[in-house]
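Build out the structure end to end from the sequences listed, making use of the hints.
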Amino acid sequence: SVCILVDSRCISSGVELMSILRQRHAATVHICSLDGSYFIVSNRMAVERHSQSDVAAMQNRKRLVERVTGLQVLFDRVCLIVEKDRTKTGETSRPFQRTRYYDNMVAALVSAGVRLLWSDGAEDTAVLLMDLARLEHRKGQGITVPLEVKGQHRQQVLQMYLSIPSVNYAHALNLSHNFHSIAQLIDSPVEAIQKGGNMSRSRAEEIYRFLRYSCDSFLVNTPKTGNNT
Amino acid sequence: MKSAVLNSALPHGHIICAERWRNSALIQDLKGGGVNILFENELGLADFHLPSKTSILYVSEGNIVAGTEYRRKLVRYRNASSLQDVVLVERTRLSEQYFPAVQRFVVLDLGLALVPVSGQTEASQLIIQMVHGQTRENPFRPRSSCRLLDPLVLALVQQVPGVGRVKAVTLLQNFSSIQQLCSAAPAELELIVGRASALQIHSFFHK
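Chains as they are written, first to last, in our numbering: chain U, 1 to 229; chain P, 1 to 207.
Rather than coming from a laboratory, the hints here were simulated on the basis of the structure.
Be careful, since some hints might not be right.
DMTMM-like mimics (lysine to aspartate or glutamate), calculated; alpha carbons at most 20 Å apart, straight line [said to hold, decoys possible]: (1) K73/P <-> E42/P; (2) K207/P <-> E48/U; (3) K167/P <-> D150/P; (4) K84/U <-> E19/P; (5) K73/P <-> E19/P; (6) K62/U <-> E137/P; (7) K139/U <-> D109/P; (8) K84/U <-> E123/U; (9) K167/P <-> E190/P; (10) K195/U <-> D76/U; (11) K150/U <-> D7/U; (12) K195/U <-> E136/U; (13) K139/U <-> D216/U; (14) K73/P <-> D109/P; (15) K84/U <-> E122/P; (16) K207/P <-> D187/U; (17) K167/P <-> D216/U; (18) K53/P <-> E42/P; (19) K53/P <-> E40/P; (20) K84/U <-> D120/U; (21) K73/P <-> E61/P.
Facing chain P, according to a computed beta carbon distance under 8 Å, are these residues of chain U, among others [said to hold, decoys possible]: (22) V65; (23) Y213; (24) C215.
Model, not experiment: these values are computed from the prediction.
C-beta atoms are modelled at their ideal positions from N, C-alpha and C, and glycine is treated no differently.
Structure, rendered in structure tokens:
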């Protein structure tokens with residue numbers, strides 16, 4: 001079945017969406033602690049969900065930029081589902097007025113390669129998430145390792161993988177299941193990291209370099225307690 | 001064959017429009033928005049070319065309602081172009097019911113960018129922003145990160161159970177990379193953090 005990882009912060013704002021995904025689409029919705037309120041539909045794709053008025057509000061600009069650019073570091077593909085605003089029962093729906101600012105944001109997102117999808121509400125969004133997850137699965141990008149990481153040690157290892165720059169939750173799950181120890185990952189060549197993490201070559205190279213990165217500049221400024229220098 | 005005008009760099013504030021748009025309301029709005037317009041007979045399938053290698057295809061309400069011909073056009077458009085392609089789709093009361101299928105086809109099947117517009121007025125407003133936005137810095141464009149890695153390495157070492165900031169700094173002063181720390185023998189670690197901690201660190205990396 002299709003599996004979608006959801007940040008725990010999405011639960012309160014997306015009760016309806018979660019239950020549609022689970023009940024109507026029989027999706028495996030796995031709640032985990034991501035570093036933002038987004039969805040992961042494959043090893044390389046994250047999906048943000050925003051209301052149209054959210055995108056249109058100038059005061060949200062900083063937050064939206066931070067969230068999208070943050071995801072671009074972790075994922076090769078970033079989607080943004082723009083959802084029509086909900087009208088409360090009894091209210092007549094007002095047509096959305098596009099502003100210059102809104103068009104500017106849309107143009108900037110398109111130009112930066114963020115995939116925009118347009119939704120009428122939670123039901124539409126659920127269908128879009130399912131479509132994206134299925135498409136990614138067909139392209140061989142689906143998350144195929146178990147979503148659970150059992151035991152305290154494995155949990156701690158997962159957390160360590162998550163603190164490697166540009167490793168997303170799906171990569172960390174793959175690494176946790178495909179390497180039997182951290183030492184094995186550290187001693188692996190780029191090709192093995194790429195395969196075991198189900199990630200792009202450049203991302204695997206980045207990890208390889210990070211694990212070998214020698215930190216001197218930073219430690220110069222910290223009081224020394226060791227005696228090797 | 002594409003004409004020479006497409007191969008030369010388009011100055012900012014200019015767009016190239018397919019000849020068939022010459023007398024449209026959209027063109028009037030673009031002119032009003034300070035966009036300079038060049039007309040071109042041989043634009044291929046695209047309706048508009050923008051600076052910095054963006055092209056736009058406009059799918060009207062009529063195209064959508066009329067049947068599936070627009071789909072063949074979209075496929076040809078995608079296959080012919082090496083530019084960043086944006087499809088503007090007229091989402092109106094008439095075409096509304098087709099919109100989910102159009103979106104699935106354009107975005108998921110063809111991998112093109114889609115922006116719905118209510119008509120030519122909204123389209124022109126968006127195009128004006130696309131043209132003018134190109135001279136501004138795009139906040140969403142990924143920048144080549146020149147992050148300082150030292151604090152990130154330090155943070156990772158602190159993920160080892162029993163290792164706080166002070167111990168992590170001490171460890172990195174002796175083993176400057178994660179790889180070196182991982183390959184350190186318990187006896188080497190013991191000299192720095194004591195026996196119990198040394199065993200715990202070693203086993204965490206190797207278990």
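Hint-by-hint comparison with the structure:
1. A C-alpha spacing of about 16 Å is found between K73/P and E42/P, which places the hinted pair at or below 20 Å, so the restraint holds.
2. Between K207/P and E48/U the CA atoms are separated by roughly 36 Å; this puts the pair beyond 20 Å, and the hint is violated.
3. A C-alpha spacing of about 15 Å is found between K167/P and D150/P, which places the hinted pair at or below 20 Å, so the restraint holds.
4. With a C-alpha separation of about 35 Å, the suggested pair K84/U and E19/P falls outside the 20 Å cut-off, and the hint is violated.
5. At most 20 Å may separate the alpha-carbon atoms for a hinted pair to count; K73/P and E19/P meet this at roughly 18 Å.
6. Distance hint between K62/U and E137/P is fulfilled; the C-alpha atoms sit about 14 Å from each other, no more than 20 Å.
7. Taken as a hint, the K139/U and D109/P pair is honoured in the structure, with Cα atoms around 12 Å apart against an allowance of 20 Å.
8. In summary, the hint linking K84/U to E123/U is supported, as the alpha carbons are separated by about 11 Å, within the 20 Å threshold.
9. In summary, the hint linking K167/P to E190/P is supported, as the alpha carbons are separated by about 12 Å, within the 20 Å threshold.
10. Using a Cα cut-off of 20 Å, the hinted pair K195/U and D76/U holds, with the two alpha carbons roughly 16 Å apart.
11. Taking the CA atoms of K150/U and D7/U, the gap is near 19 Å; set against the 20 Å cutoff, the hint holds.
12. Of the supplied pair hints, the one linking K195/U and E136/U holds, its CA atoms being roughly 17 Å apart against a limit of 20 Å.
13. With a C-alpha separation of about 42 Å, the suggested pair K139/U and D216/U falls outside the 20 Å cut-off, and the hint is violated.
14. For a cut-off of 20 Å, the pair hint linking K73/P to D109/P stands: about 14 Å separates their Cα positions.
15. This hinted pair checks out: K84/U and E122/P have alpha carbons roughly 17 Å apart, not beyond 20 Å.
16. Distance hint between K207/P and D187/U is fulfilled; the C-alpha atoms sit about 14 Å from each other, no more than 20 Å.
17. Simply put, K167/P and D216/U have alpha-carbon atoms about 16 Å apart, close enough for the 20 Å limit, and the pair holds.
18. With a C-alpha separation of about 16 Å, the suggested pairing of K53/P with E42/P holds against the 20 Å cut-off.
19. Taken as a hint, the K53/P and E40/P pair is honoured in the structure, with Cα atoms around 16 Å apart against an allowance of 20 Å.
20. A distance of roughly 5 Å separates the Cα atoms of K84/U and D120/U; the hinted pair therefore holds under the 20 Å criterion.
21. A distance of roughly 15 Å separates the Cα atoms of K73/P and E61/P; the hinted pair therefore holds under the 20 Å criterion.
22. Evaluation of the V65/U hint against chain P yields a held restraint, the C-beta minimum of about 5 Å falling below 8 Å.
23. Checking Y213/U against chain P: minimum C-beta separation of about 5 Å stays under 8 Å; hint holds.
24. The beta carbon of C215/U comes within 4 Å of a beta carbon in chain P, closer than 8 Å, and the hint placing it at the interface holds.
Hints 2, 4, 13 from the list above are not met by this structure, while the remaining hints are.
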